[in-house]
Each structure stands twice: as structure tokens, then as C-alpha cells.
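Participant: Each chain, written out:
Number of protein chains: 2
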Amino acid sequence: MKENRIYNFNAGPAALPLEVLEEIKDSFLNFAGSGMSITEISHRSKWFDDVINDAIARTRRLLNMDDTFHVLFIQGGASMQFCMIPMNLLHEGDTADYVNTGTWSTKAIKEAEILGKTVNVVASSEDENYSYIPKDIPFNSNAIYAHITSNNTIKGTQWASFPETGGVPLIADMSSDIMCGPFDVDKFGLIYAGAQKNIGPAGVCMVIIRDDMLKRVPDTLPSMLKYTTYASKNSMFNTPPCFAVYTIQLVLKWLEETIGGLDKMEAINREKAGLLYKVMDSSDFYSGTVKPDSRSLMNVTFRLPDEDLEKLFIEQALENGLGGLKGHRSVGGCRASIYNATPLAAIEALTDFMKNFEQKNG
Amino acid sequence: MKENRIYNFNAGPAALPLEVLEEIKDSFLNFAGSGMSITEISHRSKWFDDVINDAIARTRRLLNMDDTFHVLFIQGGASMQFCMIPMNLLHEGDTADYVNTGTWSTKAIKEAEILGKTVNVVASSEDENYSYIPKDIPFNSNAIYAHITSNNTIKGTQWASFPETGGVPLIADMSSDIMCGPFDVDKFGLIYAGAQKNIGPAGVCMVIIRDDMLKRVPDTLPSMLKYTTYASKNSMFNTPPCFAVYTIQLVLKWLEETIGGLDKMEAINREKAGLLYKVMDSSDFYSGTVKPDSRSLMNVTFRLPDEDLEKLFIEQALENGLGGLKGHRSVGGCRASIYNATPLAAIEALTDFMKNFEQKNG
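Same order as they appear, the protein sequences are chains A and B.
Reading the first sequence from the start, the letters are residues 3 to 364 in my numbering.
Reading the second sequence from the start, the letters are residues 3 to 364 in my numbering.
If we strip away everything but chain A, and leave its shape as in the complex, we get (with noise of 0.2 Å):
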């Protein structure tokens, strides 16, 4: 391939769409006519106020949103917010329901209990290895939220719909699924994503607020950790960070002119993920890893016969111009993960270089 690049299967961080990449790359010296980089113009200047307003506007198109919701850029990533959703939105009394689906979620739940507060583990899925998503979950009316992971990364797992809570507001932890297709936001009051894996670098968490989750944001945080303080300086109470917001903003623009939205991303993503599994299902070479009903469109975890084999496909996957296929050092096993910005191309070759690795040691 170009530039001697190979198809990246990596968890995150991922592949960022060629395009995006070769737009940074051709305006790195001198950005939209500014005679600067873009990691040297102001944050205050009109260069990034077109940037970021650009990136929020794409978000609020993409996603089918009106100004009841609030677009935010964080740093810290998502564990970050594991930490801010409780400190601004849970105060004395209240509590807060998880649906524990993994490692993500655990973490989440974790950071809670660290700061006091009272959180009911209303469904989990630990009890068989985290290979499923839980159904029919009493959920609490009385709850401030109710918390989900909408995809696993680790294993592969995601919410095929997301769950009634009887009008209590969604919070999600999307950051490897945001975008992947359309959703109805009107249910949650907060959704959080890590840019690293669907949208953008590292270094930045894209937050979306609904309006009246910002009225319970205690007076008594520290301004960085408050929501108000960035819903009310539009992300910009201090400097951004103000590449990977750009790069978020090509991405946006990449999924709304050259994909075409999220209808048509979501086909894409079920047709690569669909080869894929097809080739699980239609082999006793590879297995799956995770109940069909709850296989995730963006990280396809299998196994082969055994280890010694694993490691071999992994690395004449490789050798092969594949790389990325190794699954979570805390699981093993293999994984692709096929975000957005994975060309259908990639899954062509990992399909073929498979079938190819099964005849000649299946």
C-alpha cells in the first residue's frame, strides 16, 4: 500500500480514515492560510473557532441533535468521566444505576465508589465471562442515571438496542462505538466517548450533555472538573487540545461528505463485521468468542484451535501487511477491530488471509 502502510486491526488507538490523514499531513507547515501549524495557531484565534465550531456542528448533523444538547471536548479520555459523571451529577441521597458489561463499566462503577457514592450494579454479565449484554433490567425509577458501556472493545460484546429505563436519562460510555450508526440521543443525558477509536488521536474525550443535566453541577468543584465550565466557554475555559479536536473535526467531515452519514456507515460496518463473522460461523477453525445476539460490529474477538496457533496467525498476519489482530492481554485469543475508518479492503484481506491460514493448518 501507500507509503508502505498496513491495515490496522489495533483497539485503539486506531486507524484514522487515509484521507484525514493525508489532509493533516499536506497543510502540517502552514494551516488554512495562517502561515502556522495547526499545533501552533492560537485558540483563540478565528483559524480554531472555525474548527471546533465546525466539529460540534458536524456532531449536532451526524447525530441528529438539537441545542438541548451541549458538545464538549475533555481531556483525560474516558476515565476521566468516570470520575466527573458521579462528581457533578450525584449529590448526597442520590444514587445511580450500572449495567456491568466488562472491564469499561467496572472501572466506571469503580471511580464512584472511590468518591462515596451509592451505585446499584442493576445487571452484569461477569457471570458468564462478560460474552453477552443483559436483558430485562430492573432498572430504578428513584436512579439520577443509568449507566452502560454501549460496546466492549475487550470482548467484542455491544448493545444491539438500547435498554428502557422508564424515562430515567441514559449515560453511555460510546467511545468505541460513537458514530458507527445512528442512535435516538433523546434518551440519554450524557454520552462520552474517547476519541482514540472511532473519531480521532488520543487525547481528547468528545462529551455530550443534555441541557438540564448541567443544572445539578455543584458550585464546589474545581472549574476543570465542573461541565458548566466548558458548556459555558464552548470547551475553551483553558487551551484545548487543539489537534485532536482537529482531527475530530476532518473525521466529522470525512463520515458526512465522503461516507455520507451514519445510515450509510452503519451498512458499511454490518457488511465488513458480516464477512467476518461469516467466516466464524462457517468454520471450526475459528470460533467466536461472543453470543451472536450481542457481537459487536466493531471489535470481532475469535479464537483458533489453540495458542500456539494464535500466535501464528497473529504473526503472519503481519508479515502479511495485517497488523493489530492480538486480542487484550487480560483475555488473549484474537481481535479485529474494524472502526469506522477500517476500509472495506482491510476486511477483504483479513477474510482471505484466514481462509488461506485454515487450509494450510486447519
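Derived from the structure by calculation, the hints contain no laboratory data.
Computed from a predicted model, the values in this text were never measured in an experiment.
It is possible that some hints are incorrect.
In this list, chains with the same sequence are indistinguishable; a pair is considered to hold if it fits within one copy or across any two.
[To be verified] Dumping the calculated DSSO-like pairs for lysine-lysine here, alpha-carbon to alpha-carbon at most 27 Å:
1. Lys-313 - Lys-48
2. Lys-48 - Lys-109
3. Lys-27 - Lys-280
4. Lys-293 - Lys-137
5. Lys-280 - Lys-137
6. Lys-109 - Lys-266
7. Lys-109 - Lys-189
8. Lys-48 - Lys-27
9. Lys-112 - Lys-235
10. Lys-217 - Lys-109
11. Lys-266 - Lys-4
12. Lys-357 - Lys-293
13. Lys-109 - Lys-235
14. Lys-255 - Lys-357
15. Lys-27 - Lys-255
16. Lys-27 - Lys-109
17. Lys-4 - Lys-48
18. Lys-293 - Lys-189
19. Lys-27 - Lys-4
20. Lys-266 - Lys-189
Assemble chain B onto chain A, guided by the hints.
Facilitator: Coordinates of chain B only, in the frame set by chain A:
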């Protein structure tokens, strides 16, 4: 100039060394033979380990620092440190000293107070519009730390030497002058610097913390707000801002290998600032705004006879390829930020322009 670049006198985000920008550009589609962009590689890869470990090693060498100090990369800028420092270091009954030399010190004090901590403002230059650095400061011997802002970006003041505190660990916000020259790190318990002025792009803060300070960190803080989390995980408890850390690594390489270390950097900085202050001191047209013994090597602030002339100066300077000379919106006037990456040629172009402008308009 190359690719129609301008001379960039912005206060932050600010100029980066051209050879750093060129290296980023040249390798942007394929970093270190990985077949991926630096924005696409896993932070759990050997490639990124090499980046972050080299950045840390270079920081140690440049600042002549042994391993009683930890070098951390934390998101949220210096503003996040304003709250993290008191959260981590001040317990019930503890007090800290702060010296107020302007906007950023004032914000640091405010965030500690929001947290209900006991802060002693032991000196302030507010009485003369922050135009000087206080002397003979009565530090409290029982303070847990003494906090200063080493350089005031907005007003253009800088500590010529660091104060004696009688053994109380200094903490300094060095966002706008870290690495401008050598200094004795052993006086400090903690040093922090938002990268976007002197060492990199926006989106990461370098924190240097002495080992004994880590012992003060309480278990009751959320993981992302504890220094111990970053120290124990080499700043990779969660995904770090990889691109920003990489850019810092390249800037530090440039400092060591192209410039030749901090002694040489300081000599260059003194020459650069000297040229500008000389123009002011030999003119009735340009006037400095800061007491001579408190002048900054990094941010040179000055006024013209009236605001109309200042507006014209800034406009015509930009037409001549000299950008970012407007003073901070809170103070007006003119400001040339001349961080490490601003070449001597930029200063010469600016002083030539200043002399010409005075001749025509003086």
C-alpha cells in the same frame, strides 16, 4: 519563507521548531516503519514505549535530574494542576504558601480555595499591576509547599532567580518558561508546565514530582486525579495523548541535539530578548511595561504612544509576516512571545520592523 510560513510570536499555542514540524510531517503516514501514523499506533506498543521513555530520559538529562524525580504526562493543562496539587498534597489542617504574580497565580489560588484548602498569599505584586516579581518573601516554615508562577505570560514578568523558602518545597507553574535555561531542580517538590508554550502542542502537561511528595497522595481520590496513578503506570494508566507526547519528545531532541542543551538555549534566549529590550530602552516610542529586573526572556510586553498606533503596528507587522504580536485581551498593548522555538532571525525581522515603524510614525 518556506511554504509561506510567518514568524510566529503567539503566546501559546506557539511556534514549534521547524525541523520538528518537518519530521512530524514527513513521517505522518508511516511512523518509524510501523506502517501506521503516530496517531494510529497503540500506546501499548514498543513504538510508543520508545517515544515516552525517550521524552522522559531527555527531560532528566536536560534538567540534570536524578530518579528521585518522576516525569509524568497529564491531560488538562496547567489549569488541571491548579486543583490536582492541593487535592493531592494538602490534607486537613495543612496550609500552603502562594505568591501572586498575576492571572495564573490568581487562578491557582482560587482553585485551592474552591477545594476548601487553607492558602496563605505570602506576597503579591497586584499593587503595581503585576509589573514586578516580589522580593524578600516571608514564607511560612510550616507550609507544605510554596507555589510560584515562574513566568507571567500575560504581563511579561519572570523570576530572575528562585526564592529561598527555608526548606519548604517549591512548586512552580513553569508553563511559559520550562527549558528556557538551566535551573536547580532540587529546590522543587513539583514542577508543571502546559506544553503549548515552550515544549510542544496543546493537550498535555508535563509534571515533574519528587518522590517524597507522592507519599502525601490520599487513597480517596479518583484514579485519574492521583499523581501516584501516573507515576506507577509510566503515565499510561489509560491512553495518553500520544501525539502531544511524541511532539514533546521531538522538541527535547531538538533542544539536546540541535541547540546543544539548556546553557546554550539560555544564551540564545538572552540574545533574543536583549535585542528587543534594547530597541525599547533606546526609544521614546516603545515603552516596556515591566520593571527591568523582572523582565521576561519569553514574553516581551510593550506599548506604543497610543492605541491607534498599536493597532496599526500589529496590522502592518502581520502584513510583513510577523504574527501574534497583540497583547493579551486582558491588558492590551503589544507582546512578542519569543519562546525557545522562535529563531533569532524572527527577532531580527521584528526589530527591523519596529525601527522602520518608529521612523514612519514616531
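Participant: Now tell me if each hint is right for this structure.
Facilitator: Right, here's what the structure says about each hint:
no., hint, in the structure
1, Lys-313 - Lys-48, "between (51 Å within a copy, 18 Å between copies)"
2, Lys-48 - Lys-109, "between (39 Å within a copy, 26 Å between copies)"
3, Lys-27 - Lys-280, "neither (37 Å within a copy, 40 Å between copies)"
4, Lys-293 - Lys-137, "within (13 Å within a copy, 69 Å between copies)"
5, Lys-280 - Lys-137, "within (25 Å within a copy, 74 Å between copies)"
6, Lys-109 - Lys-266, "neither (33 Å within a copy, 47 Å between copies)"
7, Lys-109 - Lys-189, "within (23 Å within a copy, 37 Å between copies)"
8, Lys-48 - Lys-27, "both (21 Å within a copy, 24 Å between copies)"
9, Lys-112 - Lys-235, "between (30 Å within a copy, 18 Å between copies)"
10, Lys-217 - Lys-109, "both (26 Å within a copy, 24 Å between copies)"
11, Lys-266 - Lys-4, "within (26 Å within a copy, 41 Å between copies)"
12, Lys-357 - Lys-293, "within (23 Å within a copy, 75 Å between copies)"
13, Lys-109 - Lys-235, "between (29 Å within a copy, 16 Å between copies)"
14, Lys-255 - Lys-357, "neither (35 Å within a copy, 46 Å between copies)"
15, Lys-27 - Lys-255, "both (16 Å within a copy, 21 Å between copies)"
16, Lys-27 - Lys-109, "neither (36 Å within a copy, 37 Å between copies)"
17, Lys-4 - Lys-48, "between (34 Å within a copy, 23 Å between copies)"
18, Lys-293 - Lys-189, "within (26 Å within a copy, 58 Å between copies)"
19, Lys-27 - Lys-4, "both (14 Å within a copy, 16 Å between copies)"
20, Lys-266 - Lys-189, "within (22 Å within a copy, 59 Å between copies)"
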